[in-house]
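Asks: Keeping their order, the protein sequence lines are chains A and B. Under my numbering, the first residue of the first sequence is numbered 1196, with each subsequent residue one higher. Under my numbering, the first residue of the second sequence is numbered -6, with each subsequent residue one higher.
Please note: incorrect hints may appear among the correct ones.
What the hints assert, rightly or not - Calculated pairs, BS3-like style, for lysine-lysine (alpha carbon to alpha carbon, straight line, at most 27 Å):
1. K1287/A to K1275/A
2. K1272/A to K1287/A
3. K1252/A to K1275/A
4. K1252/A to K(-4)/B
5. K1220/A to K(-4)/B
6. K1275/A to K(-4)/B
7. K1290/A to K1275/A
8. K1220/A to K34/B
No wet-lab data here; the hints were simulated from the structure. All of these numbers come straight from a predicted model, not from anything done at the bench.
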Amino acid sequence: MIDHRASPGLPDEAMNPNLPYRAGKGLLETSTYTCGHCPQIVMMNPLRTRERGYCRKCDHYICDRCSGILAATRECKPYKQVLDELQEAGLKLEKEIDRNG
Amino acid sequence: MAKRSLACRTYTPTAVADTAAITADVNGGIIQGGAATQRNKISEIMLGGQAGASAPTIMVAGMNSTAATSIVLGIAEDAPLDSATAALAAPAAVGTGFTIAPQRSATLGHILQLSFNAFGGIVRWLAAPGEEIGMVGLAVDTGSFSLSAFTGGTPGLMSSHIIYESL
């Protein structure tokens, strides 16, 4: 939610052209989703006509950048898996430090 | 396994570019894991404008490419949402102050772009269940998170809070 009803809103020169029309003026309430392959939050543009990035392997919407990577590599690596692997690596490191003093 | 709020009552954020040192006590807060294996989730960020004149403020939330050291609360307050919350052995390091300044990542530092006019504007991002920002550990890019102002505009007086959960 971006609420500028009690504010003049953002000046035109500060408006991001990628945001929905009048996003910096008045009240904008829109849904977002988190990309399945990276931590990026994506604001769902109600005026979007292009197909939204979607990974059938992990059954999750993905951002345009990851959609391009998926199209090129056909590899699905969910962000949760990345975090799991990092956590596992951290655990192994802690055990090694404990073993070696 | 408890949600906590990192809140800053009133401050004027200092704008900094990506990969530049974030200024202490004029940012919306830093969150870093308390251990190399700790998981944290960010589920809500809210900004409230308090400026007395037009103040386009480009707030950005995302990962840091340089982690902070010795984080202290500074101008922030950190409290559990549930008063029955038990203290963790290794709580996440949160606050607005630090010894070595974190630096926002140029690639993963703009997870949320929260531009608004601090002259009466309000921004609230609330994650749907399962759509929270995930963090692991305390290392750069995945375990060090910040809410700060990006260059441009004229940052104005504002408040903010971040709801996060250590798993």
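Asks: I'd like to know which numbered hints this structure contradicts. Please list them from smallest to largest.
Replies: 4, 5 and 8
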